[in-house]
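Chemist: Each chain is listed here by its residues.
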Amino acid sequence: MSSKPAVLGIVAILAGGCAGKMPQTADEFRQMAPGAFMVQVQGFEVKRSPREIGETFRRRAPECLNVTVRTTSQTATSYQVIDTAYKATVITGSDKAELHLQQKHLKGVINVYEEPADGHYLFVVDAVPAGGRAAKVQIIGPSRGYDVVVRAIKAWADGSSTGCPDLTKIG
Amino acid sequence: MRLRSLILLGAVLAAGCGGAFRYADIGEKNLVIRTETSSDSAFSSVKAVLGVHAVDAQCKLTYEGYVELDRPLVQVGIPAERLTYLVFEFASSSFLGGTRGSISQETLLRPRSGATYDVKVAYKNELYEVAIRETLPRGGRPRDIELASLGACKR
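Top line first, the protein sequences correspond to chains A and B. So for the first sequence, the numbering used here puts the first residue at 1; every next one is plus one. So for the second sequence, the numbering used here puts the first residue at 1; every next one is plus one.
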């Protein structure tokens, strides 16, 4: 699936589930995304506290995810350029860590619905205590096309890697 | 890491077209760059390139050239006690789909005189990482250098 159909599909699916309104906040995304077609909710436990996970999110997410990416696709009959800006927001507390990732197409994709200023919500990740030094992590995001982002978030959460996802590989 | 991909894609494309030029190394090789790239597919490739930019007092950049990180170990000399903007770019291309993309990691670096900087550059499983560790001339424990965006130049 190329980037453009994937993006349009997710936006349409989320909007379709709510009569033409896209989630405007992370909370709205949490409420609207589960159960929507092509949206996946993943949950897992890690042996790190929400505070530790939050520190990793705070250290890595802005550096890795606040980027603008240009992707080009060329076939014998078409040439497509898409500029996409990503914006990560990290919220941490003593017993929670949140990571929100928004995506805004600057060029190459026409939005059908009104989206938040920093783009539509792509991922919302929550880490909460699970007893001891463990945490329960929930990732809400697209069910396909964004594996590299999910891999990076999981690695940041469990502490196995601090690598940045190559956002040119999504979609 | 802001509009880096756009800037760098331009640099790589320019490099491919002969519009960019190789970095003219200085004598003392104070950057020791260890590169590991893997595309995880027989139908695609990943190329790592370093772009070197001088940074003046107004934080303006002057492009000084590129270094291909096409070997596991590449040593580069950049001026000590001067601010330099290093742009590590990972450019991937697919042989079948005609798709290409690039992503990069940038940092400001003001090398200390006599110090050496171990730079780990990795791209694996579609995750990339650049880490820099400084070792002072008198030895001692190496320390990790936090990557700094161009915005930090004005602070």
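What the hints contain is simulated information worked out from the structure, not anything from laboratory work. If you're wondering where the values come from, they're calculated on a predicted model, not measured in any experiment. Hints are supplied without guarantee of correctness; some may be wrong.
[Claimed, not checked] Quick list of simulated restraints, FRET-style, between CB atoms:
id, chain 1, residue 1, chain 2, residue 2, range
1, B, Ala-148, A, Gln-40, 52 to 62 Å
2, A, Tyr-79, B, Gly-77, 35 to 45 Å
3, B, Lys-60, A, Gly-159, 34 to 44 Å
4, B, Arg-112, A, Gln-40, 46 to 56 Å
5, B, Arg-133, A, Gly-159, 45 to 55 Å
6, A, Tyr-79, B, Ser-149, 54 to 64 Å
[Unchecked claim] The calculated lysine-lysine pairs, modelled on DSS-like cross-linking and capped at a C-alpha distance of 27 Å, are:
id, chain 1, residue 1, chain 2, residue 2
7, A, Lys-87, B, Lys-47
8, A, Lys-104, A, Lys-154
9, B, Lys-120, A, Lys-96
10, B, Lys-120, B, Lys-47
11, A, Lys-87, A, Lys-136
12, A, Lys-47, A, Lys-107
13, B, Lys-29, A, Lys-154
14, A, Lys-21, A, Lys-87
15, B, Lys-47, A, Lys-169
16, A, Lys-169, B, Lys-154
17, B, Lys-29, A, Lys-87
18, A, Lys-154, B, Lys-124
19, A, Lys-154, B, Lys-120
20, A, Lys-21, A, Lys-47
21, A, Lys-47, B, Lys-60
22, A, Lys-107, A, Lys-21
23, A, Lys-87, A, Lys-104
24, A, Lys-169, B, Lys-60
25, A, Lys-154, B, Lys-47
26, A, Lys-107, B, Lys-120
27, A, Lys-154, B, Lys-154
Here a beta-carbon is modelled for each residue, glycine too, at the ideal position from N, C-alpha and C.
Chemist: Could you run down the list of hints and mark each one as holding or not?
Modeler: Do the hints match the structure? See the list:
{"no.": "1", "hint": "B/Ala-148 with A/Gln-40: 52 to 62 Å", "in the structure": "violated, 36 Å"}
{"no.": "2", "hint": "A/Tyr-79 with B/Gly-77: 35 to 45 Å", "in the structure": "holds, 40 Å"}
{"no.": "3", "hint": "B/Lys-60 with A/Gly-159: 34 to 44 Å", "in the structure": "holds, 39 Å"}
{"no.": "4", "hint": "B/Arg-112 with A/Gln-40: 46 to 56 Å", "in the structure": "holds, 48 Å"}
{"no.": "5", "hint": "B/Arg-133 with A/Gly-159: 45 to 55 Å", "in the structure": "violated, 20 Å"}
{"no.": "6", "hint": "A/Tyr-79 with B/Ser-149: 54 to 64 Å", "in the structure": "violated, 32 Å"}
{"no.": "7", "hint": "A/Lys-87 with B/Lys-47", "in the structure": "holds, 26 Å"}
{"no.": "8", "hint": "A/Lys-104 with A/Lys-154", "in the structure": "holds, 23 Å"}
{"no.": "9", "hint": "B/Lys-120 with A/Lys-96", "in the structure": "violated, 32 Å"}
{"no.": "10", "hint": "B/Lys-120 with B/Lys-47", "in the structure": "holds, 15 Å"}
{"no.": "11", "hint": "A/Lys-87 with A/Lys-136", "in the structure": "holds, 24 Å"}
{"no.": "12", "hint": "A/Lys-47 with A/Lys-107", "in the structure": "violated, 41 Å"}
{"no.": "13", "hint": "B/Lys-29 with A/Lys-154", "in the structure": "violated, 37 Å"}
{"no.": "14", "hint": "A/Lys-21 with A/Lys-87", "in the structure": "holds, 20 Å"}
{"no.": "15", "hint": "B/Lys-47 with A/Lys-169", "in the structure": "holds, 15 Å"}
{"no.": "16", "hint": "A/Lys-169 with B/Lys-154", "in the structure": "violated, 33 Å"}
{"no.": "17", "hint": "B/Lys-29 with A/Lys-87", "in the structure": "violated, 37 Å"}
{"no.": "18", "hint": "A/Lys-154 with B/Lys-124", "in the structure": "holds, 15 Å"}
{"no.": "19", "hint": "A/Lys-154 with B/Lys-120", "in the structure": "holds, 22 Å"}
{"no.": "20", "hint": "A/Lys-21 with A/Lys-47", "in the structure": "violated, 38 Å"}
{"no.": "21", "hint": "A/Lys-47 with B/Lys-60", "in the structure": "violated, 45 Å"}
{"no.": "22", "hint": "A/Lys-107 with A/Lys-21", "in the structure": "holds, 22 Å"}
{"no.": "23", "hint": "A/Lys-87 with A/Lys-104", "in the structure": "holds, 8 Å"}
{"no.": "24", "hint": "A/Lys-169 with B/Lys-60", "in the structure": "violated, 31 Å"}
{"no.": "25", "hint": "A/Lys-154 with B/Lys-47", "in the structure": "holds, 26 Å"}
{"no.": "26", "hint": "A/Lys-107 with B/Lys-120", "in the structure": "violated, 33 Å"}
{"no.": "27", "hint": "A/Lys-154 with B/Lys-154", "in the structure": "violated, 34 Å"}
Checked against the numbered hints given earlier, the structure breaks hints 1, 5, 6, 9, 12, 13, 16, 17, 20, 21, 24, 26, 27 and satisfies all the rest.
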